[in-house]
Each structure stands twice: as structure tokens, then as C-alpha cells.
Amino acid sequence: MTDGDYDYLIKLLALGDSGVGKTTFLYRYTDNKFNPKFITTVGIDFREKRVVYTTNSPNGTTGKTFKVHLQLWDTAGQERFRSLTTAFFRDAMGFLLMFDLTSQQSFLNVRNWMSQLQANAYCENPDIVLVGNKADLSDQREVQEKQAKELADKYGIPYFETSAATGAEVDKAVVTLLDLVMKRMEQCVDKPAADTHNTDGTSKLDAVPTAEKKCAC
Amino acid sequence: MKLEEESWENRHYQLCPMDLGLFQALERERVLEVLQRDKALRTIEADRIRRLKVELQGIYHQGAKTITRPYGQRSCARCQRPLGKFWDCGSVCCGCSHRICSRCRVVRSAIEWKCTMCHAFREFKIKSGDWFLEQQAKKYTDIKENGHETTGDKLLQSYQRLSFIAVVPPTPPPFKEVKSFNKSEEPKTSKPFTKSMENLMMSVSAHIRKLSKSQNDLSVEAGQLTVNYGRLNSRRKSLSEGALDRACNLCKAPSLPDLSQNAKSSEQYASSSSVYLTDDDVSYTSAYSDEHRDSNSSTGMDCGFFENSVTGEIEVAFGYNNRTSCLEITIKACRNLMFGDMRKKCHPYVKVRLLPKKYHNNKMKTAVRRGNNPVYNETFTCALEREQLVSSVVKVSVWHSRGLKRKLFLGETFLRLADFSLEKTHTQRSVWNTLGPKQRHSLGGDVELFPSDLLLLNAQLQFLTHTDDTLTGSAGQLKVVITDVWKLSVSKTAYIEGVLHLPGERELVQRTALKKTDALQMSFRVSLQELQQANLQINLWEKHTFSLADRLLRSARLAGESSWQRLQQSPGEWHDFVLPLHATVSTNMRS
Ligand SMILES: Nc1nc2c(ncn2[C@@H]2O[C@H](COP(=O)(O)OP(=O)(O)O)[C@@H](O)[C@H]2O)c(=O)[nH]1
Ligand SMILES: [Mg+2]
Ligand SMILES: [Zn+2]
Ligand SMILES: [Zn+2]
Numbered sequence: 001m002t003d004g005d006y007d008y009l010i011k012l013l014a015l016g017d018s019g020v021g022k023t024t025f026l027y028r029y030t031d032n033k034f035n036p037k038f039i040t041t042v043g044i045d046f047r048e049k050r051v052v053y054t055t056n057s058p059n060g061t062t063g064k065t066f067k068v069h070l071q072l073w074d075t076a077g078q079e080r081f082r083s084l085t086t087a088f089f090r091d092a093m094g095f096l097l098m099f100d101l102t103s104q105q106s107f108l109n110v111r112n113w114m115s116q117l118q119a120n121a122y123c124e125n126p127d128i129v130l131v132g133n134k135a136d137l138s139d140q141r142e143v144q145e146k147q148a149k150e151l152a153d154k155y156g157i158p159y160f161e162t163s164a165a166t167g168a169e170v171d172k173a174v175v176t177l178l179d180l181v182m183k184r185m186e187q188c189v190d191k192p193a194a195d196t197h198n199t200d201g202t203s204k205l206d207a208v209p210t211a212e213k214k215c216a217c
Numbered sequence: 001m002k003l004e005e006e007s008w009e010n011r012h013y014q015l016c017p018m019d020l021g022l023f024q025a026l027e028r029e030r031v032l033e034v035l036q037r038d039k040a041l042r043t044i045e046a047d048r049i050r051r052l053k054v055e056l057q058g059i060y061h062q063g064a065k066t067i068t069r070p071y072g073q074r075s076c077a078r079c080q081r082p083l084g085k086f087w088d089c090g091s092v093c094c095g096c097s098h099r100i101c102s103r104c105r106v107v108r109s110a111i112e113w114k115c116t117m118c119h120a121f122r123e124f125k126i127k128s129g130d131w132f133l134e135q136q137a138k139k140y141t142d143i144k145e146n147g148h149e150t151t152g153d154k155l156l157q158s159y160q161r162l163s164f165i166a167v168v169p170p171t172p173p174p175f176k177e178v179k180s181f182n183k184s185e186e187p188k189t190s191k192p193f194t195k196s197m198e199n200l201m202m203s204v205s206a207h208i209r210k211l212s213k214s215q216n217d218l219s220v221e222a223g224q225l226t227v228n229y230g231r232l233n234s235r236r237k238s239l240s241e242g243a244l245d246r247a248c249n250l251c252k253a254p255s256l257p258d259l260s261q262n263a264k265s266s267e268q269y270a271s272s273s274s275v276y277l278t279d280d281d282v283s284y285t286s287a288y289s290d291e292h293r294d295s296n297s298s299t300g301m302d303c304g305f306f307e308n309s310v311t312g313e314i315e316v317a318f319g320y321n322n323r324t325s326c327l328e329i330t331i332k333a334c335r336n337l338m339f340g341d342m343r344k345k346c347h348p349y350v351k352v353r354l355l356p357k358k359y360h361n362n363k364m365k366t367a368v369r370r371g372n373n374p375v376y377n378e379t380f381t382c383a384l385e386r387e388q389l390v391s392s393v394v395k396v397s398v399w400h401s402r403g404l405k406r407k408l409f410l411g412e413t414f415l416r417l418a419d420f421s422l423e424k425t426h427t428q429r430s431v432w433n434t435l436g437p438k439q440r441h442s443l444g445g446d447v448e449l450f451p452s453d454l455l456l457l458n459a460q461l462q463f464l465t466h467t468d469d470t471l472t473g474s475a476g477q478l479k480v481v482i483t484d485v486w487k488l489s490v491s492k493t494a495y496i497e498g499v500l501h502l503p504g505e506r507e508l509v510q511r512t513a514l515k516k517t518d519a520l521q522m523s524f525r526v527s528l529q530e531l532q533q534a535n536l537q538i539n540l541w542e543k544h545t546f547s548l549a550d551r552l553l554r555s556a557r558l559a560g561e562s563s564w565q566r567l568q569q570s571p572g573e574w575h576d577f578v579l580p581l582h583a584t585v586s587t588n589m590r591s
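Sequences listed follow chains A and B, in order. Counted the way the UniProt record's numbering counts, the first sequence spans residues 1 to 217. Counted the way the UniProt record's numbering counts, the second sequence spans residues 1 to 591.
Everything labelled a hint here was simulated from the structure, so no lab data went into it. Every clue listed holds true.
What follows is a list of derived Cβ distance ranges for each label pair:
1. 48/A with 82/B: 48 to 54 Å
2. 191/A with 46/B: 26 to 32 Å
3. 39/A with 43/B: 25 to 31 Å
4. 191/A with 465/B: 49 to 55 Å
In silico EDC-like links for lysine to aspartate or glutamate, alpha-carbon gap of 20 Å or less:
5. 138/B with 190/A
6. 67/A with 55/B
7. 49/A with 47/B
Idealized CB from N, CA, C, for every residue including glycine.
Model the full structure from these sequences, guided by the hints.
Here it is as C-alpha cells:
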């Protein structure tokens, strides 16, 4: 049961090829369980989780705690649902871009998902975390950590190797994204109308390593 | 799961409702369920944001008090404290450029601070998600024109239109149609669905199908049935509307035959509607006496005694000022107030409260007058967003003042602003309203969740005309969707009953079991003409397996042309209603 007793509603969205483990990942995150069955997600779905978020104040004092209600959108990776799922991109505040560590193809498609995001998300450079899933299947691994890390660095986004099966790094990936979104909110309200030209042209796809992320506002 | 070749041209997908038409019926259903869950979440979110707004407004009002000071004297823009020339002279807030004293600052870092008001606004922008909408609006210019509808919103709307077309059966005769309607409401997809339910991975939880399943468990069959109730209805009709309201709360509300048990026995129905308490009833009353005591203690002392003898009416006028976004409530007068103690004079005053409580924190009171027909003509103004009009209820209660905080309850009434079409006109609309006895909650445990005195349910109603219906003339369909059903999940055996009373002593009854998060749907086949004189009663019952008697917990009524007019004027459109579900004195039983 959901009630309105929370401070923030944060909407995150998982995307990536079909079968990389988006649904399983989110299920692990919200319910801490693993389901080995593969059921194709029909179009879209979402899960919810209430978490407590503690801010670290800039001056080192003890941060405040907030109740955050997470709405975690799950999308179908299949092409035929694409127009539906991408339409939901624009209502999400942060993204879990996932690929399967045991599938080179799913990793190659990350670039395509990136451009889908750029075209359909709420802004040109939304907060994204790159997630390589199925880390537990080490014998079947097709994508090396170094490779993925390089790509993530190129985009200036964090990278995690997770396993929905064991739960490894799953929380960390989501919390990192949540953190980015929370920081983004602050930046957006504190730098009102702070010019649009600090982002123009420099989309992440142009591979500009960004040490510090700037707010699009 | 090897991937099929996918086309990755970077096109900008245009969201068109017809996209959904490309999916299979089953897929559409699945997506629709998700969208409905999303909608439920957004409703809660909208409520939360409204609360934040009210809070913010409160802070604004506080800070906006301007006290005129001698020329040249500086004062803090927030607390109005005078500021010195050299010492404690304040500084300028970077947000609003006002001079602010050191106390009215919120310090964020060694060099950064904002005044309390700017800080509150900043917090609001973050917590309400405004920051996000602003960002979105920069990229998507259409948002500015169409408001901040989410994709889910838009889809759901186009869906509802679409799915309805698919659901309506073509011109079926009234009785058969019940079946076919149910069939289409509980779509053909139940098999794959149950399969997926076995799988915990599906987060889907809101389903009409699930509902219907548990209905069977309850042995309460959903569906429509026309029952003819001879004398009872005529008795009802002879009562005025207000009196009927009272009758429902005070005495045993006429119960309706359980469809699954004995639909034909209208005698049983008539006999069970006695207004006297039976032994069973008494035990129920005592079982809930604790809560009653609670509500009494907070509202005054000896009100219990006079409860059954509440009489009188109150004249209230409403107006809405679009420019200032303020609701104006004028308490004009009362007449025929009943005051038990004949030796003393009545000293009545009126308390006004905007509900739901959690959004509105204004308590308003008139002055104390004398006599049983007091005239007040006092106007109260409260800030209220236009969109909130439909969902707000004004509670008006009359009290006798005995000084020193002792007061005696004389009657109360709840007025739904939605009934007054205030957004259309500036002029005040005045009505006399019958005063009723105190409303009580008989729901346990959930008192903090909603105002204890009544439970507001959000409902959406839609009226559809079937143009192709040549048999029955201008037949149509009234659809009722209750979105916040979770508020009602008081017990596992609770179920909702919708009764549409029609002219000609007809009633359409539909029952549905409750499941926590589901939106609940009912539909009634009714013509436009009939609807004008119809009244809809929504009852919350609790099924009792052991005592074999069901207990009526709450009930709400929707009647009057003004309510239906909205539906009739725009058939096919969904309209928001707020149903005030009054707790019934727990003596309404049926077996
Ligand atoms: N071994 C292993 N299997 C996984 C992991 N994550 C997902 N899977 C499996 O991969 C398949 C596809 O997962 P699913 O979540 O449905 O993928 P989606 O299409 O991206 O939603 C399922 O059979 C999962 O059980 C993981 O971390 N480890
Ligand atoms: Mg999936
Ligand atoms: Zn001050
Ligand atoms: Zn300021």
C-alpha cells in the first residue's frame, strides 16, 4: 500500500536489450529475491520501493534523512515495443542502462540505447548508470570489465558489474543513481536559468569526459 | 534469448494512441494494468504536492504581513523586526533581494544563506518535483501547452477510450447483457494471467481479474440485477432527502437481499429493515464503543444524549474567486435548531472546516448568537486551488456554547463543493441544508489515515450513450471507478455494493469484493432519462462468516441533477467525484 508519507518521488527507469536482466534486477532490488525464469516484459511495468536517503551536507555536518519513494520503471527491450517504452523515457529522472556481461551484442547496443536516451529523455544529459549484469556467470563472460569501464568513462557515467542472481552490487548501482538524481535536483534549483550554453553541442555521445557533471539548467 | 536484428535508426518516436492498437488485446490489458497502478501512484503524489503547496502558501502568508513602519526605518522582510543602522542591520537575500534579519535565514554553508521564504520555495521545488517539470519543459515545448501530463496519463486516456469500444457489447437485451458485459470486463486473458501470477516476478498487483476471483471466494457475485422493491421504496420516497440521510445513519438502513443467497425474497428484506435494535446489534455497538468514546471526547462532552434529536437546517452559500483562488463560504443562518434544555436559551455558533483535513488546516468559527433561529451572515475565505474544488468537502457543524470550552453538538452537514459548480460562476450559491447527527467512524485502526469523521473516496464516473441501441431506445451506461480502494480494505471480507436507485422503484445492484490496491469498477445500464432521477448509493459492507450477518460500515450517496448533469453534458468523459463515505452506526446488519 502506498501512502503519501514520503518526501520525494523519484522515478528511475531501466533500459537495455531484452534478456539482459532488467526485470530480474529490479525484482532483486525491491524484493531481494531472484527469479531464474525469463518472462518477457510486456511493454512497460514498474516496481516501487521506499528508501531512506541521507544527505551529506557540504560542510560535513550530519545530513538530513528523507523518505524517498522510488518508482522503478521496467521496459521491454524488444523493438516492437520501442515506441511505447521510449515514450516513457521522458518522465524518468534517472536511468539504469543495462547490458548482459555474457552477451557482446547487448554491450554493443549500449551505444544505441544511449542515443535513444538522448533523444527521448527529459534532457540531453540525464543521469545514467551503466550496469553490466550477470556477473555471476563468469565462465560465460563476453564483455571485459576494462572494456565496459572505458565506455562508461567516455560517457562520464558510473559503471557497475552486478548480479541479480546473487544480488552483488545491485543496491549500490541504484543508490548511486539515486544520489546523482538527488544532486541534480539541488543543482537545478540552485542555478536557476544558469545559461543553457554550458551543455550545447557537448552531448555525451561526443565522448567528452566530464569530470564534474553539470546541470542542464 | 538471442536478439533479433533490430533497427536502430534514431527516430523520434511519436506517441500516438493508435500505437496501442498494434498490440494484442492481452498486451494492451497488461499495459493498462500498469498504467492504472501508475495512476494510483500519481494520485497520491498529486495529493502530497497539494499539501506541500498549502504549506508553502502558509509560509508566504506569514511572511507577507506588512506592518507599516515610519519612513526610513528598515525592517526584516520576513519577521518585520526593525533593523538597526549599524548593528544588526540585516543583509540582502540573494533569492528575493529583501533585507533579512539574522534570525530569518537558513544557512546552507559558510557563505551561502537564503531567507526562510526563499528556502521554503526551494524545498518546495525539489520535493514537489517541480525542478523536473521545468527541465522537461525546456526540452519539450508541448508540455507548456498541454500541462504536465505524463506519458502514462496520455496513454491511459487514449486507452480508456479504446478499451471501452472493445468492451461494450452490441445491443444486448438487458438481462443477457449482464453476462456478456462481465465477460468482457474479465477479459479472455485470464489464463496467461494466472500463469504469470505464479511467477513472482510480475509486479503487477492491480487487477480486475483478481478482484473477480476473490469475489467467488466470498460467494458474492458481481453483476447486475434488477430487483423490485414494492413498498419499501415508496416509503423511502416519502422521506425528504435530508431525512433519508439521517435515516440511513440513525436507523438500520434497509438492507438488500444478498444476490448469491436469496435474490427473490423481498419479504425478508422488508422485515429486516426494522428500525429497532436487535440483540446482535447491541453487541456490535458495544464492540465499537471504544472508538465512539474517542470521537466523543474530542468533540465535546454530553453530545451523545442529544444525538437522536438533531433537527434544523443551516443556510450556507459558496462562491469561488478565480482571481484570488479563494473559496468563500458564507454561513447565513440556521433555523429550527433543537436544543434539549428548554429552560435555557440556545447559544449556537457554527464551525466550518474544509476537508480533507490533511490538506486544509483552517478551522473557522462564527460568533455565538442567541436563539434557535440564529442569523450569522459571516463569510470565511480560504485559499483553495481551483482543481481542488471538486475534491473538497465543507463540513459545517453547529454547536451550543456553554462557555469555558464546554460545548454541545447541535447538528452537522457535509457539503461537496463539486455539487455547486463553483468554477463556473462568481456569484455565491446559497442553499438550505438539513442538519444531521454526528458521523462516526466504525473502522478500526486506520484513524490516522483519514479524517475520523468521514472517509473521502475518489471516484470517477462516466456516462456513455449507446447510439446503436434500437431496442431500448436511448440506453446508456454509467461507469463508476473508485480509485482509492485501498482506503477501504478494512477487513478481508469487506465488499462494496453499488446501488443505483431508479425511477419506477427499480434498483440496479452490483457487488464487488475489495482488494487492496485495485481500482474498483462498477457499471450500470441506465438510460439518460432514468439517470436524471437516479441516485447512487455506495455501501461498504463487511461479510461475517460466523454471525452470518453482514455489517454495513459506511455508505455514500450521490444524487441530484447537478451531479448527473456533468456526466450527461459530456458523455464518454470521465468526471472526478468525491464520495464522502459516512460511517454508519454499526447496527446495519443483513443476513
Ligand atoms: N545467472 C544470472 N541470470 C540472470 C541474472 N539476471 C537475469 N538473469 C536471467 O536472465 C533472464 C532474463 O532476465 P530478465 O530480467 O527477464 O531480462 P529483461 O528482458 O532485461 O527484463 C532470466 O532468465 C533471468 O533469470 C543474473 O544476474 N545472473
Ligand atoms: Mg523484462
Ligand atoms: Zn527576520
Ligand atoms: Zn529571500
